[in-house]
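Colleague: Order-wise, the sequence lines are chains B, S and Y.
For the first sequence, this note's numbering gives the first residue as 6, with consecutive numbering after it.
For the second sequence, this note's numbering gives the first residue as 8, with consecutive numbering after it.
For the third sequence, this note's numbering gives the first residue as 10, with consecutive numbering after it.
No wet-lab data here; the hints were simulated from the structure.
A quick note: this is a predicted structure, and the numbers were derived from the prediction, not measured.
From the three backbone atoms N, C-alpha and C, an ideal C-beta is built for every residue, glycine too.
Hints should not be assumed to be uniformly reliable.
As the list claims (entries may be wrong) - Chain Y regions said to be covered by chain S (calculated; three or more residues, Cβ under 8 Å):
1) 142-148
2) 153-161
3) 181-192
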Amino acid sequence: MVTTCVAGLFVGAILAIQINLQLKDFGAQSFLGGLSTSTTIRNLGPVLIAFLLAGRVGAFSSAELGTMAITDQLNAIRCLGLNPLSVIIMPRLVALTISSFLLLVLGLGLTVFGGIIISSVSLKVNPLQFISHIPQFVSGVSIFIGVLKSFLFGIIIGTISCFVGYQTTGGAEEVGKAVRRTAVVTLVSIIVTDFLVSFVVESISQLLMG
Amino acid sequence: MLELKAISKTFGNRAVLRSVSLTLNRGQICFVLGRSGVGKSVLLKTIVGLIPQDSGEVWIQSEKTDPQNEEQMVSVRQKCGLVFQMPALLDSLTLQENLEFGLKPEKLARLGKYLDWVQLSRERLSRYPAEVSFGTQKKASVVRTLLREPQFILFDEPTTGLDPVSRQVTNQMIRNVVKESHSGCIVVSHDVQSAIELASTIILLDQGQVIFQGTPESFCSSEQPLARAFCNGMVLLDH
Amino acid sequence: MESYEPILEMSHLWFSFPTEKVQILKDINLTLRSGDRMGVLGLSGAGKTTLLKIISGLLSPSKGEVILDGERVDRQNMIKSRSLSQKMAMSFQKGGILDSYNAWENIDFALAELTRLSKPERKERSFHFLNQVGLAGAENKRPKELSGGMLKRLSLARVFALEPAVLLLDDPTAGLDPVTADEIVSIIEKYAESRNVIIVFSSADLSVCFRLANRVGFLWNGTLKQEPSVFDFKKSPDPAIQHFIRGIEYART
């Protein structure tokens with residue numbers, strides 16, 4: 006929670022600074038609010054925050070499930086005539102997906118604040134001006150894309166960490182490996198998904214515009 | 008009746024079980040003894056389908072189990088509970104929640120009785136596994152299995168690493184459970200003393216094979232070298 | 010070297026964990042001399058491992074002191090005094106074998122840390138003690154490839170190789186089958202025979218304890234009930250000891 010908030014604020018701030026640098030050359034700093042917010046929400050915001058969550062939440066849950074797998078806790082559940090997939094894994098997967106999703110959306114919201122704060126404090130852009138340009142650039146579509154990505158990333162983080170953890174066999178060393186595998190697979194999946202969504206959305210909007 | 012017919016299992020090129028057969032009726036206790044790493048735990052996991060056998064059959068109450076059929080295994084595991092060597096309780100739940108986990112509420116009615124059998128006090132149940140002793144965790148894990156009212160209970164090394172007093176408490180618990188619930192028990196162990204006190208049948212495994220099968224009395228007088236080595240390890244009290 | 014005989018003294022040892030009120034050890038006094046093989050029995054949680062850790066200097070007692078050959082054993086002294094840390098070796102219940110090294114390297118690194126031997130000498134000594142515990146031929150094997158009993162042997166070979174004056178063994182046969190346990194006991198006996206060494210070990214297993222020990226102590230409610238010999242211990246009139254031996258629960262006071 007705290008991690009996401011801090012990350013959200015700073016991601017917004019970083020992007021505002023970057024975009025400001027480019028806009029300055031054109032003397033178009035008044036567009037800063039709109040442009041930076043739109044980029045953040047549509048693209049980098051969800052990705053960066055999802056990376057953080059993957060490290061925080063994903064690694065934790067795969068380590069936890071991995072430990073349960075190697076200490077026979079999951080086998081013990083099986084021996085009670087229960088299916089660990091339905092009584093342990095699924096509830097956890099759903100909870101992780103929803104909580105990751107909510108955290109991502111919260112983080113995204115905070116990126117806007119991060120942008121505003123840094124703009125007014127160090128870039129000397131009036132907050133009101135920043136905000137006034139947001140609607141001009143940030144359409145419902147941008148927000149939809151941001152939220153859609155957050156949702157997909159939530160599913161990715163939840164699913165991968167649960168299943169990699171669940172399939173751990175062997176000793177304590179294997180739990181470490183499961184965590185590493187979770188991190189790698191999650192991060193790659195997030196980037197690929199980000200690309201696919203952006204690509205599809207751009208294609209559709211091209212079609213609609215054209 | 009629980010019946011194993013010529014169970015074999017190989018890991019890589021190591022034959023862990025070679026044509027192991029045994030029969031167990033309800034109300035009986037069968038001890039499976041053997042050196043560490045001889046495949047005793049694998050045998051138990053095979054019975055409940057956690058490790059599928061390469062060949063051979065498991066019959067529980069005249070029904071043949073099929074490890075590939077997950078649905079059937081679920082019902083098999085309800086009839087045949089396995090108590091792991093490590094208590095394997097869920098760390099994130101209290102003992103009470105562990106016991107109730109996935110259990111039909113009406114089955115909880117007998118909780119008090121089972122707690123008495125294993126001598127576990129109710130006050131302990133509000134604690135988390137990490138907050139109670141190993142012995143208490145182990146008792147809770149037995150109660151968790153009992154609540155499912157299995158017809159057969161498999162114990163994996165219930166007394167390994169316990170001091171003499173805890174060992175007696177555990178043995179008393181197994182005796183109680185078998186007497187009261189009239190279930191059949193397979194106990195995998197290398198604790199000869201407990202085997203002699205409790206078992207109806209002793210089976211000695213070596214290199215995946217049954218090398219001795221018989222009553223505790225015949226085990227002690229057996230000429231089988233490994234059986235002798237096991238019996239020699241016992242404490243002989245001069246009293 | 011031949012005439013050197015270690016003396017280990019514990020006087021008025023008290024111990025409790027800082028966050029808990031329970032006194033785990035209460036006023037323990039014990040003097041051990043070369044050739045003593047002290048078995049510490051007790052229920053699980055009685056403080057057997059704690060006592061061994063205090064003797065080894067890993068834990069500091071709340072009150073009292075452990076003295077080896079006139080030197081006080083505590084954390085600081087263990088770090089400062091090389092001779093002191095060389096005289097003491099402890100083998101843990103879980104073995105403490107490092108997965109990333111093979112069998113002989115597991116011994117070698119400890120020797121490199123605690124002795125001034127050259128690399129070839131260390132290798133020779135590692136191989137020698139692996140041979141002693143019956144692991145000849147397994148020198149280059151990884152811990153993963155070794156069974157539970159073999160890992161136990163390896164951890165013994167490591168403490169043997171340090172040739173300590175005081176050898177502390179925390180439940181050396183924990184979780185082993187009786188045949189393997191018997192082999193481990195023989196290995197320890199054989200090692201102890203030819204040396205001036207004090208062995209203190211804990212055990213939950215009466216048969217192991219009675220075979221290996223020549224002195225027995227029973228930890229009960231924080232005190233160490235001692236008898237001069239195994240024979241006296243078995244015959245001890247103390248009700249707590251008798252209940253323990255017979256495996257009957259006896260109310261703690």
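Colleague: Take the hints in turn and mark each one as holding or not.
Modeller: Outcome of the hint check:
no.: 1; hint: 142-148; result: violated (count 0)
no.: 2; hint: 153-161; result: holds (count 3)
no.: 3; hint: 181-192; result: holds (count 9)
In summary, the one numbered hint that this structure violates is 1.
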